[in-house]
Amino acid sequence: MKNILLYLTQALVQHPDQVTVEERRDGNRVTLELRVHPDDMGRVIGRQGRVAKSLRTVLQAFAGRHGDRVRMDILE
Amino acid sequence: MRSAEARAKTVEAAKEDLVGILGVAESLIRFEVLEEPKPGLMGLGGHMALVRGTAIAARAEWVKGYLKGLFQTSGDEAVVVVRQEEDRLQVSVSGDFEWFTGITGESLDALQRVVNSTAQQAEGRGEVEPGDLITIDIGRWRERRYEQLEKEALELAAQAKASGEAIPMKPMSASDRRAVHIALRDYPGIATTSEGEEPARRVVVRPLASDEQASSPERQEMPEGGPEPHE
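These protein sequence lines map, in sequence, to chains A and B. Heads up: the first sequence at position 20 corresponds to 20 in the numbering used here, and the numbers run straight through without jumps. Heads up: the second sequence at position 230 corresponds to 230 in the numbering used here, and the numbers run straight through without jumps.
Okay, chain A solo, but in the shape it has when bound (with noise of 0.2 Å):
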């Protein structure tokens, strides 16, 4: 999940080599947390969380495929 999660937001920000992704599990629940370059934060969250919203479900259609319930949280 971790993977996806880099190649997805890399294309998307100014900074690919500023993002990083941590993967947490318990059981089938993934946690990602993923942190960008600050003045990538807007392009990662889109107007009115868009983007954000798109990126988790396109991350569930991917976790959904072994049963797992995937979390993704951006931070600071």
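Among these hints, one or two may not hold up.
Claimed, not checked - Straight-line Cα separation of at most 25 Å, PhoX-like style, residue types lysine-lysine; simulated pairs:
no. : chain 1 : residue 1 : chain 2 : residue 2
1   : A       : Lys53     : B       : Lys15
2   : A       : Lys2      : B       : Lys68
3   : B       : Lys161    : B       : Lys151
4   : A       : Lys53     : A       : Lys2
5   : B       : Lys15     : B       : Lys38
6   : A       : Lys53     : B       : Lys68
7   : B       : Lys38     : B       : Lys9
8   : B       : Lys151    : A       : Lys53
9   : B       : Lys64     : A       : Lys2
10  : B       : Lys151    : B       : Lys170
What the hints assert, rightly or not - To give an idea of the chain B side of the interface with chain A (calculated C-beta under 7 Å), a few residues:
no. : residue
11  : Ser74
12  : Phe100
13  : Thr104
14  : Ala110
15  : Val114
16  : Gln121
Because the hints were derived from the structure by calculation, they are not lab data. For every residue, glycine included, the Cβ atom is placed at its ideal position computed from N, Cα and C.
Dock chain B against chain A, hints included.
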């Protein structure tokens, strides 16, 4: 990204040289004029134009690479075909992806929004050719879905016309609603509108009074993933 510099008497001539050097169409090169040509005095002290050209990815190639790369990350092989339609770039992904589309197509709409946002950002960085909205279908999911919706819409239109009553459909996503509006666009004596608030927004199929028919109102919706959906 590939780039090159060329020196010539004029900026235009340098650009022409760069088209030859980079081997791609002029529309796929981002030019930066590094030095304007300067005429010298009696052949002395002047210099020629210096232009840098960077090859940017054609939109179709870009989206193909992006989607292949995405599914490769999850260990899947995707076959991606891109077709330029009238006002959109239609992308079809084939492979074993039923797990992705699911039943509602929600993830397909979400992927489409992510791809269009990413394309917009990449355009801003001069990495990809600007162009039309990208629409994505996976495993012909949309194609089948829209055929089904069209059939349903035509049945409801016939019913609405026969009864003279407006018929609300069940709540649907923006891309599904758009498919219904398009299916009934030219249906005589019928108008369609979208009513209510997301996520309960729905299409209403209504018969037109005979005096309305000359100028049937038409409501077009932006497809999902549009740069600025107006809803």
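Worksheet item: Is the interface hint for valine 114/B satisfied, with its Cβ closer than 7 Å to some Cβ of chain A?
Response: With a minimum Cβ separation of about 5 Å from chain A (threshold 7 Å), the hint on valine 114/B holds.
Discussion item. Holds or violated: lysine 53/A and lysine 68/B, Cα atoms, limit 25 Å.
Written reply: 22 Å, holds
Worksheet item: Taken at face value, is the distance from the CA of lysine 15/B to the CA of lysine 53/A at most 25 Å?
Response: Violated, at about 43 Å.
Discussion item. Does the closest beta carbon of chain A sit nearer than 7 Å to the beta carbon of glutamine 121/B?
Written reply: 6 Å, holds
Worksheet entry | Restraint status (C-alpha distance of lysine 64/B to lysine 2/A at most 25 Å) | 22 Å, holds
Practice prompt. May I ask you to test the interface hint for alanine 110/B with respect to chain A, counting a Cβ-Cβ separation under 7 Å as satisfied?
Written response: 4 Å, holds
Item to complete: With a cut-off of 25 Å on the C-alpha distance, tell me whether lysine 161/B and lysine 151/B pass.
Response: Within the cut-off at roughly 16 Å; holds.
Worksheet item: Do the alpha carbons of lysine 15/B and lysine 38/B lie within 25 Å of each other, as the hint requires?
Response: 17 Å, holds
Fill in: Interface hint for threonine 104/B, Cβ within 7 Å of any Cβ on chain A
With Cβ-Cβ at 10 Å, over 7 Å, it is violated.
Discussion item. Just to be careful, I want the Cα atoms of lysine 151/B and lysine 53/A compared with a cutoff of 25 Å; is the pair within it?
Written reply: 31 Å, violated
Discussion item. Checking one constraint from the list: CA of lysine 2/A to CA of lysine 68/B, max 25 Å. Satisfied?
Written reply: 17 Å, holds
Item to complete: Mind checking the alpha carbons of lysine 151/B and lysine 170/B for me, to see if they're no more than 25 Å apart?
Response: The hint holds at about 15 Å.
Comparing the model with each numbered hint stated earlier shows that hints 1, 8, 13 do not hold.
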